[in-house]
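Undergrad: Both chains are given apart, each in its own frame, so use the hints to dock them into the complex.
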Amino acid sequence: MNFSHAVWLAVAFPLAGFLVNGALALWRPRAKGLVSAVGTGVLLGAFVVSVGVFLDLSRNPSAAPIIVKLWPWIPVDRLQVDMAFQVDQLSTVMLLIVTGVGGLIHLFSVGYMQEDPGYARYFSYLNLFVVFMLVLVLGASFPVMFIGWEGVGLCSYLLIGFWYNDKVNADAGKKAFIMNRIGDFGFLVAMFYIWRTFGNLDFVYVTGHAPEMLQAGGAVVTAITLFLFLGCTGKSAQIPLYTWLPDAMAGPTPVSALIHAATMVTAGVYLVARTNVLFALAPLSSLVVAGIGALTALFAATIGLRQYDIKKVLAYSTISQLGYMFLAVGTGAYVSGIFHLATHAFFKALLFLGAGSVIDTMHHAYHATHSHDDAQDMRNMGGLRQYMPWTFALMSIGTLAIAGIPPFAGFFSKDEILAAAFARGSDTPIYYLFYGMGVVTALLTAFYMARLMAMTFLGINRTGEKGRSHLHEAPWIMTGPLVVLGALSGVGGALNLPHLVGGHAALERWLEPVMAPAMRLGHLVMPEGSTEYLLVGTAVAVGVLGLYLGVRATLGRPIVPAKEAPPDVGFARVLNHKYYVDELYDALIVRPFAWLSREVLWKGVDQGLLDGAAVNGTAWALRIAGGGLRLLQTGQVGIYVVLFLAGALWILRAVIR
Amino acid sequence: MLLGPVLGLSAILFSIGVAGVLLRRNVIIVFMCVELMLNAVNLTFVAFSQLYGASGYIMVFFVMTVAAAEAAVGLAIILAIFRHKLSVDLQNINLLRG
Numbered sequence: 002m003n004f005s006h007a008v009w010l011a012v013a014f015p016l017a018g019f020l021v022n023g024a025l026a027l028w029r030p031r032a033k034g035l036v037s038a039v040g041t042g043v044l045l046g047a048f049v050v051s052v053g054v055f056l057d058l059s060r061n062p063s064a065a066p067i068i069v070k071l072w073p074w075i076p077v078d079r080l081q082v083d084m085a086f087q088v089d090q091l092s093t094v095m096l097l098i099v100t101g102v103g104g105l106i107h108l109f110s111v112g113y114m115q116e117d118p119g120y121a122r123y124f125s126y127l128n129l130f131v132v133f134m135l136v137l138v139l140g141a142s143f144p145v146m147f148i149g150w151e152g153v154g155l156c157s158y159l160l161i162g163f164w165y166n167d168k169v170n171a172d173a174g175k176k177a178f179i180m181n182r183i184g185d186f187g188f189l190v191a192m193f194y195i196w197r198t199f200g201n202l203d204f205v206y207v208t209g210h211a212p213e214m215l216q217a218g219g220a221v222v223t224a225i226t227l228f229l230f231l232g233c234t235g236k237s238a239q240i241p242l243y244t245w246l247p248d249a250m251a252g253p254t255p256v257s258a259l260i261h262a263a264t265m266v267t268a269g270v271y272l273v274a275r276t277n278v279l280f281a282l283a284p285l286s287s288l289v290v291a292g293i294g295a296l297t298a299l300f301a302a303t304i305g306l307r308q309y310d311i312k313k314v315l316a317y318s319t320i321s322q323l324g325y326m327f328l329a330v331g332t333g334a335y336v337s338g339i340f341h342l343a344t345h346a347f348f349k350a351l352l353f354l355g356a357g358s359v360i361d362t363m364h365h366a367y368h369a370t371h372s373h374d375d376a377q378d379m380r381n382m383g384g385l386r387q388y389m390p391w392t393f394a395l396m397s398i399g400t401l402a403i404a405g406i407p408p409f410a411g412f413f414s415k416d417e418i419l420a421a422a423f424a425r426g427s428d429t430p431i432y433y434l435f436y437g438m439g440v441v442t443a444l445l446t447a448f449y450m451a452r453l454m455a456m457t458f459l460g461i462n463r464t465g466e467k468g469r470s471h472l473h474e475a476p477w478i479m480t481g482p483l484v485v486l487g488a489l490s491g492v493g494g495a496l497n498l499p500h501l502v503g504g505h506a507a508l509e510r511w512l513e514p515v516m517a518p519a520m521r522l523g524h525l526v527m528p529e530g531s532t533e534y535l536l537v538g539t540a541v542a543v544g545v546l547g548l549y550l551g552v553r554a555t556l557g558r559p560i561v562p563a564k565e566a567p568p569d570v571g572f573a574r575v576l577n578h579k580y581y582v583d584e585l586y587d588a589l590i591v592r593p594f595a596w597l598s599r600e601v602l603w604k605g606v607d608q609g610l611l612d613g614a615a616v617n618g619t620a621w622a623l624r625i626a627g628g629g630l631r632l633l634q635t636g637q638v639g640i641y642v643v644l645f646l647a648g649a650l651w652i653l654r655a656v657i658r
Numbered sequence: 370m371l372l373g374p375v376l377g378l379s380a381i382l383f384s385i386g387v388a389g390v391l392l393r394r395n396v397i398i399v400f401m402c403v404e405l406m407l408n409a410v411n412l413t414f415v416a417f418s419q420l421y422g423a424s425g426y427i428m429v430f431f432v433m434t435v436a437a438a439e440a441a442v443g444l445a446i447i448l449a450i451f452r453h454k455l456s457v458d459l460q461n462i463n464l465l466r467g
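Note that the protein sequences, when read in sequence, are chains U and A. Residues in the first sequence are numbered from 2 upward in steps of one, following the working numbering. Residues in the second sequence are numbered from 370 upward in steps of one, following the working numbering.
Pair by pair, the computed Cβ-Cβ distance ranges are: (1) A/L465 - U/I657: 29 to 35 angstroms; (2) U/I657 - A/A440: 27 to 33 angstroms; (3) U/K175 - A/L465: 55 to 61 angstroms; (4) A/A437 - U/V643: 23 to 29 angstroms; (5) U/I657 - A/G422: 20 to 26 angstroms; (6) U/V643 - A/G422: 33 to 39 angstroms; (7) A/L465 - U/W596: 51 to 57 angstroms; (8) A/L371 - U/I652: 26 to 32 angstroms; (9) U/I652 - A/L465: 20 to 26 angstroms; (10) A/L465 - U/A615: 31 to 37 angstroms; (11) A/I385 - U/A615: 53 to 59 angstroms; (12) U/V601 - A/L465: 46 to 52 angstroms; (13) U/R654 - A/I385: 19 to 25 angstroms.
Quick caveat, the hints were computed from the structure, so don't treat them as lab data. We treat Cβ as the ideally placed atom computed from N, Cα and C, and that holds for glycine.
Chain A with its partners taken away, still in its complex shape (with noise of 0.2 angstroms):
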C-alpha cells in the first residue's frame, strides 16, 4: 500500500477544507468544509492503521459517529440563524462584536 500518496491526498482534502473554511461566506458551504477536514482526518487514520492496527479504524467510526451529531446539531444552528435573519451570510452574524 502506497502510504504517501493516501497522505498527501489527505492533505489535499484537509487544505481544501480548511481554505473553504477561511474564505467563503455561505454558512452551508463552510459547513461542508468542516465535514471535508473531518474525512480527510478519516482518511489519515485509515491509512495508518494499516501498519499500527484496528485502533485507527475504531477511531474514524468515532469520528463519524461525531460527525453526525455535529450535522444534526449544526444544521439545526443554521435552520435557526436563517429563520431569524433570512440569511446564511457569515458576514450578517456577527452578534458577538465586541
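The following block holds chain U by itself, in its conformation from the complex (with noise of 0.2 angstroms):
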C-alpha cells in the first residue's frame, strides 16, 4: 500500500475523533471508556499511517516532495490555491513526532484527567489539535499551513480555558490568543509580500524559485522573513511576544505538555526550516532570528531561575529551549532546529507529564485532607522521591537530557547548536556573543533544573503531616507514556549520531533533499578536531557544574512551605516577577490601549459620534423636518384641493405642452 498518498488519512483519524467525541460531550457525557478509546484510538491510527508515510519515503530517501491534492481550494484568477498536503522527508519527520508523542500525552491523560467532568469536551479538543497540528505540518502552501497555524492557536486557547470556571484561566487563555493574533498578522502580511513577489504560494514553488527570482540580501526577502519572523514569535513565544506561554500553564498539565512544549510552540521553529532558502538568502533576517533566539533563551532561563510553581518552571524551560532551536535556523543549522525541535518535544513532554503526575498525587492530598495549599507550589514538596520513585527516575533522565549530559538526547542537540553558532562566529564574530549566551543559558538550564528536581524530589517532605499518607505513585496508564517518553529521551541522540562518537548524522541526511537549497547558498562548517573537543568539553562541563550548584544551592538551606515563606528580596524578587514584563506591558500597551478604547473609541466614537449624530442625529433632524412638515396638513379638505387642482393643472400644462 502507497502510504503517501493516503496521508490525508492521518489527519482525518483525528478529525473523526473530534467529531465523535464532540457528540458525546453533548450528549453523553458520561460515557468515559467510549471516550478514552476512540481519543486514543484516532491518535493510534494516525500514528500507524504516519510510520506508513515514513517507511514509504525511507525506502527512496532522496525523494522529491509527493504533494497530494485534495480539491481546489481558492481558484480565483491567477491565484490558485489547492487543499494539499506535501510530504516529504521535513513534515514525515513532524508527522511522527505529533502523532508519537501526541499519542502518548493522549494515553497520559486517561489517567490525568479521568474524574473531570469534561472528560469528553477535553479528548474532542484534543483531536481537533491534532487535526490542526497536523494540517499545519503537512500543508503544501502558505494558506493551507496557515490553517492549522490559526487552528492549533484556537485549540491552544480553548484548552488554556479549559476550567474556564475560573476568571483567571479564562484570562490566560485570552491573552494567548491575542498576543498570537498579533504574531499572525506578520505571517499574513508575509504571506501577501510573498504573492505578490512570486504569484504563487506553494511551497515547492516558492522554495525552488526563490534564489532566481529575490535578490541575496535585498530588501523584498528581508521583509518577507522578517515578517514571517513575527509571526514565529508568536507561536514559538519569543522576544517579544513570549509572555502568553507560562499564563499558558492554566490548562490542564497534558495540554501543557503538548500544545505548550512538544508540538504547537515548535511550530515557529518547522516555519523558519521549511522556508530555510528565503532565511538563508536573507543575512540580516536570520540575525536577527539567532539575536532574538539566543537573547530569549538566556532570558527566560534566567527567570525560571526562581519560579515556585514546578509548572511555570518547565513553562521558562520551553522558552529557554524555543529559543535555542531560533537560534540553531538562524545560525543556518536548520537540522540542528529541527533535530532540537525533537529530542525537545521528548524531554520536555517527558517533564511535564511527571509534574502532572507530581501535581496529580499533590492534588489529591490536598483533596483528601481538605487543604487549600497550592498543589503546584515546589516549596509544597520535598521528598517525594521515596513516593514516587518511578516519576522520579523519570524525571532524572528528562533532567540529564535537558541539561545536556552525554549520552542523553539533549546533548547532542544542544552541543550541534552551540557548535553551529560558534562556527558561525568565524565570519560574523557576533555569533561568538550568541555561542556564549547558549553556554551560560545551558548552566543556568543545568541549574533550575537540579533546583526543580531538588525542590520536588530530594530533602525532607513539606506537604504536611496528614497529607504526606495520601502521596503515591501515579497509575500505571500515567507512568506508561512516561517510561517511552523516558526511553526516547535516553536515546533520542541517535536520531543524529554525530560522526565524533561514531554516528552517521542520520538526521541530516535524511533531512538533506528539503535543506539543500540553503545549504548551496551557503554552507556552515562544523568546527572538527580539537576545537570539537573544546565545544563538547565546555558543554558538557557547563552542563555538570550547573547540575551541582542547582543542587548544593536547593538543599544547603532548609525551604520552608510557600504560606510561611518570607518574600524575595533584590534581584530574586526581580526575577520572581519576571523582570516585571507583563507589568510593563500592561502600563505600556494594555492600559493605553484600555483608555483609547474606553475614553475615546467607546464614549467618544461610539457613543458621542454613532449613538449621538448618526443615530439619534438622523431621529432629531427628521424630527424637525417633520415638525415643518407637519404645517402642512391643515385638515381643511379645501386646501388639499387647491393643491390637487394645482398639481392637475401642472400636469396638464406638461401633458399638452
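TA: Laid out in C-alpha cells, this is it:
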C-alpha cells in the first residue's frame, strides 16, 4: 500500500475522533470508556499512517516532495490554492513527532483527566488540536499551513481556558490568543508579500524559485522573512511575544506538555526550517532570528531560576529551549534546529507529564485533607522520591537530557546548536556572543532543572503531616507513557548521532533534500578535531557544573512551605516577578489601549459620534423636518383640493405642451 | 352639430363645479359640485361621440354608475359625520390636521 498518498488519513482519523468525542461531549458526557477508546485510538491510527508514510519515504529517501492534492480551495484568477498536503522528509519527521508524542500524551490524559466532568470535551479539543497540527505540518502552501496555524491557536485557547469557571484561566486563554494574533498578522503580511513577489504560494514553487527571483540580502526577502519571523515569535513564544506561554500553564498539564512544549510552540521553528531558502537569502533576518533566539534563551532561563510553581519553571524552560532552536535556524543549522525540536519534544513532554503526575498526587493529598495549599508550589513538595520512585527516575532522565549530559538526547542536539553558532562566528563575529549566551543558558538550564528536581523529590517532605499519607505513585496509564518518553529521551540522540562518536548524522542525511537549497547558498563548516572536543567538553562541563550548583544551592539551606515563606528580596524578587515584563506591557500597551478604547472609541466614537450624531442625530433631524412639514397638513379639505387642482393643472400643462 | 358651443357649456359647468368645490363650505354643496363636474365631463364625452363613435357613450354609462355609487357612499359618510359633529361645515371637519 502506498501510504504517502493516503496521508490525509492521518488527518482524517483525529478529525473523526473530534467529531465523535464532540458529539459525546454534548449528549453522553459520562461515556468515558468510549471517549478514551476513540480519543486515543484515532491517535494510534494516525501514528500508524505516519509510520507507513515514513517507511514509504525511506525506501526512496532522496525523493522530491509528494504533493497530495485533495481539492481546489481558492481558485481565483491567478491565485490558485489547492487544499494539498506535502509529504517530504521534513513533514514526515514532524508527522511522527506529533502523532507519536501526541499519542503518548493522549494516553497519559486518560489517567490524568479521569475524574474531570469535562472529560469528553477535553478529548474532543485534544483531537481537534492534532487535526490542525497535522494540517500545519503537512500543508503544501502557506495558506494551508495557515489554516493549521490558526487552528492550533484556537485549540490552545480552548484548552488553556479549559477550566473556564475560573476567570484567571479564561484570561490566560484570551492572552494567548491575542498575543498569537499579533504574530499571525506578521504571517499574513509575509504571505501577501510572497504572493506579490512570486505570484504563487506553494512551498515547492517558492523555495524552488527563490534563489533566482530574489536578490540575496535584498529588501524584499528581508521583509518577507522578518514578517514570517514575527509570526514565529507569537506562536513559538519568543521575545517580545513570549509572555502568554507561562500563563498558558493554567490549562491541564497534559495540554501544557502537548501544545505548549512538544508540538504547537515549535511551529515557528518548523516554519523557518520549511522556508529555509528564504532565510538563507536574508542574512540580516537570520541574524535577527539567531539574536532573538539567544536572547530569549538566556532571558527565560534566568526567570526560570526563581519560579516556585513547578509548571512555571518548565514553561520558562520551554521558552528558553525554543530560543535555542531559533538560534540554530538563525545560524543556518536548520537540521540542528529540527533535531533539538525532536529531542525537546521527548524530554520536555516527559518532564511536563512527570510534573503532571506530581501535581496529581499533590492535588489528591490536599483534596483528601481539605487543605487549600498550592499543589503546584515546589516549596510544598520535597522528598517525593520515596513516594513516587518511577516518576523520580524518569524525570531524572529528562533532567539529564535537558541539561545536556551525554549520552542523553539533549546533549547531542544542544551541542550541535552551540557548535554551529561557534562555527558561524568565524565569518560573523557576533555569533561568538550568541554562542556565549548559549553556554551561559546551558549552565542556567542545568541549574534550574537541578533546583526543580531537588525541591520536588529530594530533601524532607513539606506537604504536611496529614497530606503525606496520601502521596502515591501515579497509575500505570500515566507512568507508561512516561517510560516510553524516558526511553526516547535517553536514546533520542541516536537520531542524529554525530561522526565524533561513530554516528552517521542520520537526521541530517534524511533531511538533506529539504535543506539542500539553503545549503547551496552557504554551507556551514562545522568545527572538527580539537575545537570540536573543546566545544563538547565545555558544554558537558557547564551542564555538570550547573546540576551540581543547582542541587547544592537548593539543599544547602532549609526550604519553608509556601505559606510561611518570606517574600524574595533583591534581584531574586525581580526574577520571581519575571522582570516585571507583564507589568511593563500592562502599563505601556494594555492600559493605554484600554484607555483609548474606553475614552475615545467607546465614549467618543461610539456614544458620541455613532449613537449621538449618527443614530439619534438622524432621528432628531427627521423630527425637526417632520415638525415643519406637519404644518402643511391642515385637515382642511379645501386646501387639499386647491393643491390637488394645482397639481392637476401642472400635469395638464406638461401633457399639452 | 355644433361642437364648439357644447364644449363651451361643458367647460362652464366644469368651472362652476370646481369653483363650488373650492369655495363652498357646506359638504352637501361641495358634493353637488362634484356631481356637476362629473356631468360636465359626461357632456364632453357625448359631444365627442358624435365624431368618434359609441365608445364615448359607453364611458358615460361607466361614469354614471360610478357617480351613483359615489353618491351612495358619499352621502352615507356625510350622514355619519353629521351625526358625529352635528355639522356639515368643512371647516369643522379637520381631524386629519397634522
